[in-house]
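This is what each chain is made of:
2 protein chains.
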Amino acid sequence: MNVDWDNFRTIWLKKGDQKTVQIIDQRSLPHQFVIEDITTVDQMAVAIRDMHLRGAGLIGAAGGYGMYLAIIEDPDSAVKAAAKLNATRPTARPLFAATERQLAALEGLQSATERRSAALDVAELIANEDADHCRLIGEHGAQLIKELSEKKGGETVNIATHCNAGPLAFVANGTATSPGIQAHRDGIRVHFLVDETRPRNQGASLTAWELDSMGIPHHVIVDGASGHTMQTGQVDIVMVGADRVARNGDFANKIGTYMKFVAAADSHVPAFCNFPSSTVDWSIPTGAAIPIEERNPDEVRYIQGLARDGRPTDVLLTPQGSPAKNWAFDVTPARLVTGLVTERGVCKASEDALRGMFPEKASPSRRVSTR
Amino acid sequence: MNVDWDNFRTIWLKKGDQKTVQIIDQRSLPHQFVIEDITTVDQMAVAIRDMHLRGAGLIGAAGGYGMYLAIIEDPDSAVKAAAKLNATRPTARPLFAATERQLAALEGLQSATERRSAALDVAELIANEDADHCRLIGEHGAQLIKELSEKKGGETVNIATHCNAGPLAFVANGTATSPGIQAHRDGIRVHFLVDETRPRNQGASLTAWELDSMGIPHHVIVDGASGHTMQTGQVDIVMVGADRVARNGDFANKIGTYMKFVAAADSHVPAFCNFPSSTVDWSIPTGAAIPIEERNPDEVRYIQGLARDGRPTDVLLTPQGSPAKNWAFDVTPARLVTGLVTERGVCKASEDALRGMFPEKASPSRRVSTR
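So the protein lines, in turn, are chains A and B.
Throughout the first sequence, residue numbering follows my numbering, covering 75 to 445 in sequence.
Throughout the second sequence, residue numbering follows my numbering, covering 75 to 445 in sequence.
A portion of the hints provided could be inaccurate.
What the simulated footprint calls covered on chain B by chain A, stretch by stretch (three residues with Cβ under 8 Å from a Cβ of chain A suffice, anywhere in the stretch; the number is not a length) [what the hints assert, rightly or not]:
no., segment
1, 269-283
2, 329-335
In silico SDA-like links for lysine to any residue, alpha-carbon gap of 25 Å or less [what the hints assert, rightly or not]:
no., chain 1, residue 1, chain 2, residue 2
3, A, K89, B, I262
4, B, K399, A, N202
5, A, K399, B, Q106
6, B, K399, A, L222
7, B, K89, B, M125
8, A, K399, B, K89
9, B, K399, A, S287
10, A, K399, B, I262
11, A, K399, B, A178
12, A, K399, B, Q308
13, B, K399, A, P291
14, A, K399, B, E229
15, B, K399, A, P149
16, A, K399, B, L222
17, B, K399, A, Q308
18, B, K399, A, H265
19, A, K158, B, M125
20, A, K158, A, I358
21, A, K89, A, P149
22, A, K154, A, A171
23, A, K422, B, P344
24, A, K422, A, H214
25, A, K158, B, S102
Some chain B residues well away from chain A (every beta-carbon gap over 10 Å; in silico) [stated by the list, open to error]:
no., residue
26, Q92
27, N202
28, I358
29, G413
No wet-lab data here; the hints were simulated from the structure.
Predicted model, so just to flag it, every value in this text is computed and none were measured.
Every residue gets a Cβ at the ideal spot worked out from N, C-alpha and C, and that includes glycine.
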């Protein structure tokens, strides 16, 4: 597959058709590149819930476009549509931020034309901001990688990541792998260790696909091997994304991230969490308040891949009688995090550092009172 | 499948045929129960290397029976056969212990009949000892679980395990799950959290199969979810097996064990490593000296399961162009281990404690000099 990475987007308005949103159906990757047309908010809700698209930033943008499609269908359906979209997946913060933002923008607008136009503007704004913030995260994070490269005298910098928080998880550019990709483009020698990320294997199928198609050196490993690579000096830096960040720097990310950060701390490997500010939930003091989505256990019991005959096939891995549990995320405490990389730069994982980085968002009540 | 767990063995001499060893071909589990006839040392070497059978204790017993088959074929082939068997897999200590023991027993025996008879005796002795030691590990470890049960007022004790170190990994009884199975038989309420254990999924396919067919409550989880379960108070005790133990208590076990023990320590969950003394390599001071087997990367890139049409099928999980790395084991440092459970009882993970438990093995040079 030839992908135009310079102009890559994961969600966009169909050319010549303002009533259709197009997405990449990520369920077919890495083996097929399928584009799906979405024309109703119901279709968008299914696409989010059943993970045709996924990733914190992309879910947010899909929420924005979903609201726009709802307004086209029925100009007065905004509140119902927001509730429908919010109910699809419970953990990622950008989804709720997007629907809130749409509701605020639509407030007071009466005519269908005005409402439609405003909803489109906000949807495009959310998408563009996401792509732009991810680009900036790439630039700030690349500095960390360049410093490691200099320390190693130009030797390859080994970057470990978990799940997919690359371009596919956002509107473009990504967060976890954005710095490494930027460093690679700037001529720094990098190599990624890609956790396959069970149960849905977004690392093996999506991150590996991105890196493979960009020609960036990488190896896929099982999630359990991540500790071994850090313990044996094969990792210089860990970079992951986040689905929701509490204001103290605790963060929820794909199941398995907590163990990766504990092992990184034990092995003295610096470990960063990269995210745009839309991921921060300023209303919650610690990660304990983040709801953890539990998904269908069959996502653990079955796995999909490509059979030798070239057909996508899912296979049963467990005895028929064995039940499974399937938490989609876990929470990594700030104490295990070396630093946070946002669109504004790098900071410590603490409430003070986050407030310092985003003073206007940190304390909305104070902001209002000083106006 | 109805399994007679009271008389269960994973390797045995065929009834009425002293020249054939039978094993369970574990590659077909959990979906089929296949018994394989092994009549030559070459077949046994293939069965070990290609993992028709696996697990530290069972590999040891297979080494013992493999030597016996070699002696039947050619009474003078012992040294060559030992080298062949030792070359199959590099990490598990009991394999080398078994071939060494056979060579020592055969030394000085001249007649083919004598050699054959001695080799059979040693093979049966190794197998019986393994089954017996695992039974004792179950009894000692069950005490720990009973104490937890009492502390919880009879509430279910949640036991987390990794990979398969149950009956299938040994001649019988197993190590990691032996205490929990014993406690269950003694009427204690237990529940297992079974890591699926990528890449070969011995947890999802073998441990789950054992527990399912014994009717013991369990859930399969992805390896990355193990930290989340411990962090959120859903685990009372971790018990795993070992493939090789250094004399300071560091141990090699299935890839992913190190991360599990780091997360257990971080979450204040007691974590034990259970093994018979044949697993201890008294010649190495720390785990750093344990060779870590690297296997075919296609074990990561492909996975086998049962397709919807009921046929065993392997499917590709990664892009065709993405390479993988596949370490079979990692090393858990003794500092992360709450205790060791052996056939003689429970002790700390330290050289002093291990020497105290096995004084006759700890210092062979001193033992000889005092005779």
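Original post:
For the pair supplied as a hint, K89(A) and P149(A), is the alpha-carbon distance within the 25 Å limit?
Top reply: With a Cα-Cα distance of about 23 Å, the restraint between K89(A) and P149(A) holds, given a limit of 25 Å.
Subject >> Pair hint K422(A) and P344(B), alpha-carbon separation not exceeding 25 Å >> reply: violated, 31 Å
Subject >> Agreement of K89(B) and M125(B) with the hint, judged by alpha carbon distance not exceeding 25 Å >> reply: holds, 24 Å
Subject >> Assertion that Q92(B) lies outside the chain A interface [Cβ separation over 10 Å] >> reply: holds, 34 Å
Original post:
Hey, K158(A) versus I358(A), does the alpha-carbon distance stay inside 25 Å?
Top reply: Answer holds: K158(A) to I358(A) is near 23 Å, not above 25 Å.
**OP:** With a C-beta cutoff of 8 Å, work out whether three or more residues of the segment 269-283 of chain B approach chain A closely enough for the coverage to hold.
**Re:** That given contact holds, which follows from 10 residues of the segment 269-283 of chain B lying within Cβ reach (below 8 Å) of chain A.
Original post:
Within 25 Å, alpha carbon to alpha carbon, are K399(A) and Q106(B)?
Top reply: With Cα atoms ~24 Å apart, K399(A) and Q106(B) stay inside 25 Å; holds.
Subject >> Restraint check for K158(A) with S102(B), where alpha carbons must lie at most 25 Å apart >> reply: It is violated: about 45 Å lies between the C-alpha atoms, which goes past 25 Å.
Subject >> Least C-beta distance between G413(B) and chain A, which was stated to exceed 10 Å >> reply: Correct as stated: the minimum Cβ-Cβ distance to chain A is 19 Å, above 10 Å.
**OP:** Below or equal to 25 Å on CA atoms is what counts here, so check K399(A) against K89(B).
**Re:** violated, 42 Å
Original post:
Straight-line Cα separation of K399(A) and Q308(B) no greater than 25 Å?
Top reply: holds, 12 Å
Original post:
Taken at face value, is the distance from the CA of A171(A) to the CA of K154(A) at most 25 Å?
Top reply: holds, 16 Å
Checked against the numbered hints above, the structure violates hints 3, 4, 8, 11, 15, 19, 23, 25; every other hint is satisfied.
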